[in-house]
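Protein chains in written order, with the numbering used here: chain A, 233 to 327; chain B, 24 to 223.
None of these hints come from the bench; they were simulated from the model. As the structure is a computational prediction, the values presented were derived from the model and not from experiment. Yeah, the Cβ is synthetic: ideal placement off N, Cα and C, and Gly gets one too. Mixed in with the good hints there might be a few duds.
As the list claims (entries may be wrong) - The calculated label-pair distances, taken between Cβ atoms and stated as ranges, are:
1) A:Phe294 x B:Glu106: 17 to 25 Å
2) B:Arg108 x A:Asn274: 43 to 51 Å
3) A:Phe294 x B:Arg145: 48 to 56 Å
4) A:Asn296 x B:Ile189: 23 to 31 Å
5) A:Phe298 x B:Ile97: 54 to 62 Å
6) B:Trp88 x A:Pro307: 31 to 39 Å
7) B:Tyr105 x A:Lys236: 44 to 52 Å
8) B:Glu106 x A:Ser280: 31 to 39 Å
9) A:Pro239 x B:Ala170: 18 to 26 Å
10) B:Glu106 x A:Phe298: 14 to 22 Å
11) B:Phe140 x A:Asp235: 30 to 38 Å
12) A:Val310 x B:Arg215: 30 to 38 Å
To be verified - Quick list of in silico lysine-lysine cross-link-like pairs, DSSO-like style, CA-CA up to 27 Å:
13) B:Lys37 x B:Lys52
14) A:Lys281 x B:Lys37
15) A:Lys236 x B:Lys52
16) B:Lys37 x A:Lys292
17) B:Lys37 x A:Lys265
18) B:Lys51 x A:Lys292
19) A:Lys281 x B:Lys51
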Amino acid sequence: MYDKLDPLLLSQLRLAIMSYLMVVREAEFNELKEKTEATAGNLSSQISKLQEAGYIEVHKSFRNNFPLTTCCITPAGVEAFERFYEALQGYFKGE
Amino acid sequence: MSKEGTEKDLLDPKESMRVIRQVIDVAKKSAQEDGFHFMLWGVIVPVSAATEWYLWRSTDFGAPWAVWGILPAIGGLIAMLYEWRRGRSGRPENMVRTWYSWVWGAFVLSLVLALFFATQNRLSPAPLVLILSAFATFLSGLLLQFAPLRWGALVQWIGAAVCFFIAPQDGNLVLALATVLAYLLPGIMLHREYRRSHVR
């Protein structure tokens, strides 16, 4: 019997965002865009979904008069990712 | 690595694992440092320490400690210029880099206080510098997940302990040697690793 995987993390881009933030904990929007090779629109939309779930926090500020969006993973996000990864490993046991 | 996933194409476990591994690998590379500061100070500190030791041992020069006002000042300017250029190139910030900057910022503050304390009390600054530097180097090794820096920190801690058993002026030789092993060599290794993963 396999554990159910969190459907929110079964999207490639959302999983990529969460995996990236698990390592660096906090990243600017442009860095996420560059590393995931996503379009700004799609990235923005997936970030909103993760934010709604409480997995990440989004901070908006200014740097050198330019808008700056920063995303950071929340403790709930870390827990969800760890649970997801643990459940995922269950699928490969015995392979 | 296209990540334009939509609700319709959900990942299967195998694909999920591939995405996680791939992205974590990318994230680790992006959090890497290029080792520039370790190489810079890995040259400046040993040269300054060895010069002071030589002036004290072999000449009548009355203020051998004055070398610390020349080379480190030049090093500080080079380091600031380097960071300024890096900032202008639009290098994105992330938590690892932020923590890394805080660690070395706290080190500089502690160093200034320790040097002031040492000179006021006529103590050899070498062991204090080594203890503080070892702490910051060790934390950097943890943040960057780079073992040679953690080993370098161990060398600095051992060097600090050695300083308590030798003449205060000879502490400069220990400082020079420990800094080559703790900064310069790991710095070169870090730089090589950075180039390997960023220049293709």
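Enumerated hints in conflict with the structure, sorted upward: Violated hints: 2, 4, 5, 6, 9, 11, 15 and 16; rest satisfied.
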